[in-house]
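Chemist: Chain by chain, the residues run as shown.
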Amino acid sequence: MKADPRDVFTGTYYIDGDVAMAYGALAAGCKFLGGYPITPSTEAAEAFARIAPRAGARFIQMEDELGSIASVLGASWAGQKAMTITSGPSYSLMMENISLGAAMEIPFIIINIQRAGPSTGVPTCTGQADVMQSRWGGNGDYEIIALAPDSPQEGFEFAVKAFNLAERYRCPVMLMSDECVGHMTEKVVVPEASKIDIEPRRFYKGPADAYLPYKRDPDLVSPIVKAGDGYGIYITGLSHDEKGHPVLESGNSYDLEHARALNRKSTDQYLVDKIRKNRDKIIEIQEENTEDADVVVVSYGISSRVAYRAVEQARQEGYKVGTLRLITVWPFPEERIRELAGRVKGFVVPEINYGQIVFEVDRCAEGRANVVLVPHGGASVHQPEDIYAAIRQLLESKKRYENVFEFRTILERKVFGGGMLKNRS
Amino acid sequence: MDKILEALSKGIEKSGIGRKRVCLVTDILYDPEVLETLKIDLFHTSRGRTIPFATGMKLANPKLKPVVIMGDMATLGGNHFVHACRRNMDLLVICANHFVYRRVEGESASGDYDTVSYSPYLLFENPLNIPHIARSCGSVYTARWTALHTDELTRSISHGLKKKGLSVIDVISPPAELLDFYYRHSEIRNGEDTIHTGIEEEKKIIVGEFLERERPTFIESYNRQLEEVLGDQFVKIEV
Amino acid sequence: MLEIRFAGFGGQGIIRSGIIVGRAASIYDNKYSTMNQAFGPEARGGACSSQLLISDKKILYPYITRSDYLVAMSQEGYSKFESEVKDDGVLIIDDDLVNTDSTKKVLKIPSTRIAEELGHRIFANVVMLGYVIRVTKAVSLEAMRKAIPESVPERFVDKNLKAFEKGYEYA
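Chains as they are written, first to last, in the numbering used here: chain L, 1 to 425; chain S, 1 to 239; chain W, 1 to 171.
In short, the hints are calculated from the structure, not lab data. Some hints could be false.
[Claimed, not checked] To give a feel for the contact side, a few chain W residues facing chain L, derived at Cβ under 10 Å:
#	residue
1	Ala24
2	Asp56
3	Leu118
[Stated by the list, open to error] To spell it out: a stretch of chain L is covered by chain S in this simulated footprint if at least three of its residues, at any positions, have a beta carbon under 8 Å from a beta carbon of chain S; those stretches are:
#	region
4	26-39
5	72-85
6	133-147
7	196-204
8	281-292
9	354-368
[Stated by the list, open to error] Mimicking BS3-like on lysine-lysine, the simulated pairs with C-alpha atoms at most 30 Å apart in a straight line are:
#	chain 1	residue 1	chain 2	residue 2
10	S	Lys20	L	Lys243
11	L	Lys243	S	Lys63
12	S	Lys39	L	Lys243
13	W	Lys57	L	Lys320
14	S	Lys39	S	Lys204
15	L	Lys195	W	Lys159
Cβ atoms here follow ideal geometry from the backbone N, Cα and C, with glycine treated the same way.
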């Protein structure tokens with residue numbers, strides 16, 4: 001399906017990432033934004049609020065973040081594509097209902113323009129420290145998809161992609177941007193509607209009396225209906241069976257006998273399986289020069305653009321350095337990292353946190369390659385020289401590190417903490 | 001069947017708005033088998049977040065009439081209640097009021113599972129005066145009944161379903177064995193000023209229809225304001 | 001690659017200067033450009049700067065390494081970024097607002113005073129832009145003439161274009 005021309009504001013713009021993401025969401029057919037303003041994501045919500053009424057989309061500033069995310073779930077059940085835009089502590093406040101949304105299997109997206117630090121942190125400055133929270137933030141087991149754009153143009157494109165994935169897999173999709181990309185202004189081309197592919201909601205088409213809200217197609221995703229269609233659906237955040245009815249009696253799959261006797265089997269496992277078993281279709285990475293690389297720099301979001309400078313320098317000096325950029329941070333490209341670990345000397349992982357994705361890389365490296373973290377406390381980006389130095393150190397080291405080796409940046413060696421590097425933005 | 005659900009079912013019938021349009025959004029666990037007989041959609045949300053969930057629903061499809069049944073009223077999610085009243089969001093909010101925190105061992109009227117007491121040494125806290133909050137925050141229709149005022153409750157629900165804007169019905173729904181006690185200790189005073197509807201010890205529980213007024217709903221105000229500013233460019237929310 | 005830093009106070013149009021030139025470059029001159037902004041904790045009156053990269057090739061690393069030009073409209077902005085300028089780079093300052101002791105090449109224009117003569121000091125940044133574009137040749141004159149009307153409120157388009165020409169002529 002192609003995008004609706006009424007939703008697509010075709011043109012060439014010079015705008016920041018926040019605004020580009022709002023354009024992208026609208027182009028994807030988003031019709032509802034329930035939000036509560038928080039720096040540095042406000043520009044995105046402002047842009048949406050300004051443009052949305054012209055595309056028949058609605059913006060409401062809710063009373064708080066808990067309300068924002070709950071309204072998004074409600075709007076999506078009413079049949080519209082919906083999202084919220086947030087950052088920092090507001091994202092934390094949404095976790096309960098992200099888990100609910102995952103359990104109800106309702107498509108929605110969250111744009112998170114990450115700020116620095118824990119708690120209130122540094123509101124106007126960048127960070128990448130919500131990556132693990134996206135994956136593990138809500139209670140219970142479920143899988144989500146997360147995307148990391150590295151430019152305003154990708155902000156636009158990934159917003160469309162995020163909605164497509166959410167509709168395709170009936171799961172929350174996080175657009176994990178950061179303040180740098182959010183506030184970076186570049187040329188953004190919004191193509192014509194006929195050039196934008198849209199994943200339509202997979203509405204149920206069978207006979208009405210045979211409908212079961214969580215009966216799955218072979219790809220483990222179930223068709224959906226919307227509130228008011230007359231199906232009399234029962235949708236709950238309690239663990240439920242195919243009908244959607246709570247499974248309280250059986251302790252899920254642990255007590256299979258009992259569950260079978262009641263013929264009420266929890267569908268919880270599908271919340272992870274539908275993503276894990278479809279991961280080859282979901283995962284997207286961008287690789288350069290990894291074929292003969294001794295070192296592979298694994299990065300995502302703004303860090304990949306910063307790392308580029310270091311990689312360029314190392315390659316000019318004759319070092320065999322490749323790059324692997326995570327377009328989908330989650331699910332994580334485990335197989336590819338395993339493959340590479342068998343033949344490279346090591347991985348360098350620069351991220352604007354004190355180590356999150358690096359542990360995924362280390363897990364997949366399985367001790368066969370060194371893994372070096374270039375940490376950063378946030379508020380600005382890495383110095384390319386630090387990433388370069390980490391590449392050099394890895395190439396020169398003869399030792400096999402047992403765990404993640406934390407590279408001490410040049411400044412960190414002088415000052416404790418080292419998070420607040422020279423303010424470069 | 002639960003008294004409130006029973007009244008809801010009858011109220012939908014009486015109002016004639018059609019079961020398809022009604023979506024029940026609640027944080028109370030209801031028996032799915034009972035719901036099947038009601039033939040309405042039910043969304044069991046995280047506790048306290050029923051009103052914003054219903055708000056999103058209403059804005060995404062204004063043809064729906066979401067009905068919220070809130071549990072331990074206005075403690076979890078009280079802020080949402082206040083703001084839904086202020087916006088005059090087009091919802092019917094039913095408060096299954098068993099007095100704040102006053103959970104008693106035994107069967108609850110608003111759910112057929114056992115509740116345990118968080119107040120083993122009895123209560124000293126005061127319940128909220130829900131009709132008064134609703135009125136001062138901007139709701140357009142406010143009533144209170146006990147769960148045994150079945151006819152009155154049905155009538156109020158039917159009225160709330162048809163009424164544009166935010167209607168609030170406070171239903172005194174203590175554990176089943178106390179239902180009769182509260183019914184006997186209530187006094188109908190229609191049109192009573194909500195300043196006098198607080199629930200106090202040793203005093204009668206005032207029930208009745210307290211408030212009826214007209215205010216533009218959120219969607220009406222939204223349409224009017226944006227149309228004024230944006231003119232032809234504005235795509236109206238069709239109600 | 002051309003690297004330009006604009007620095008001044010919030011409210012002086014520092015960020016907007018970056019946007020106007022960036023828009024002229026990437027939309028009307030068909031080059032690549034990246035603009036990044038930095039505010040102080042409070043937007044108005046606090047220190048504020050924007051960095052602009054213009055290139056014929058796709059810009060990967062999006063920040064200034066050493067700037068070719070520093071456009072300073074406050075003393076604080078000047079002191080903070082003077083050292084970032086390349087040894088053969090150029091400082092462009094509003095000489096009513098900034099005192100300089102730099103050993104690097106310095107160009108001066110009383111942009112705020114010129115703007116006041118035009119009616120309001122709010123146009124100072126556009127006067128400055130006229131000067132900057134003539135000196136740096138970062139983007140074409142035509143591109144700027146197209147980018148300005150798109151970047152300012154409609155009722156101030158003429159004034160801004162006039163301010164731009166004034167600055168351009170001053171150089």
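Chemist: Compare the structure with each hint and give your call.
Modeler: Status of each hint after checking the structure:
For Ala24 (chain W), the interface hint holds, since its Cβ comes within 10 Å of a Cβ in chain L; the closest pair sits about 9 Å apart. Using the Cβ-Cβ criterion of 10 Å, the hint placing Asp56 (chain W) at the interface with chain L is not satisfied: the shortest such distance is roughly 14 Å. The interface hint given for Leu118 (chain W) is violated, since its Cβ lies 26 Å from the closest Cβ of chain L, which is over the 10 Å cut-off. For the region 26-39 of chain L, the stated coverage by chain S holds: 3 residues have a C-beta nearer than 8 Å to a C-beta of that chain, and at least 3 were required.
Three residues within the 8 Å Cβ limit are the bar, and the region 72-85 of chain L against chain S gives 10, so the coverage statement holds. A count of 0 residues in the region 133-147 of chain L with a Cβ less than 8 Å from any Cβ of chain S is obtained; the coverage claim is therefore unmet, three being the minimum. Given as covered by chain S, the region 196-204 of chain L fails the check, having 0 residues with a CB less than 8 Å from a CB of that chain where 3 are the minimum. Here the region 281-292 of chain L counts 0 residues with a CB under 8 Å from a CB of chain S, which misses the bar of 3, and the coverage is violated.
Check result for the region 354-368 of chain L against chain S: violated, 0 residues qualifying (beta carbon to beta carbon below 8 Å, three or more required). Proposed proximity of Lys20 (chain S) and Lys243 (chain L) is supported: the alpha carbons are some 19 Å apart, at most 30 Å. Taking the CA atoms of Lys243 (chain L) and Lys63 (chain S), the gap is about 26 Å. The hint holds against a cut of 30 Å. Of the pairs offered as hints, the one joining Lys39 (chain S) and Lys243 (chain L) holds, with about 14 Å between alpha carbons and a cut-off of 30 Å not exceeded.
About 24 Å separates the Cα atoms of Lys57 (chain W) and Lys320 (chain L), which keeps this hinted pair within 30 Å; it holds. With a CA separation close to 37 Å, the supplied pair Lys39 (chain S) and Lys204 (chain S) exceeds the 30 Å bound. At roughly 40 Å between alpha-carbon atoms, Lys195 (chain L) and Lys159 (chain W) are farther apart than 30 Å, so this suggested pair is violated.
Of the numbered hints stated above, those contradicted by the structure are hints 2, 3, 6, 7, 8, 9, 14 and 15, listed in ascending order.
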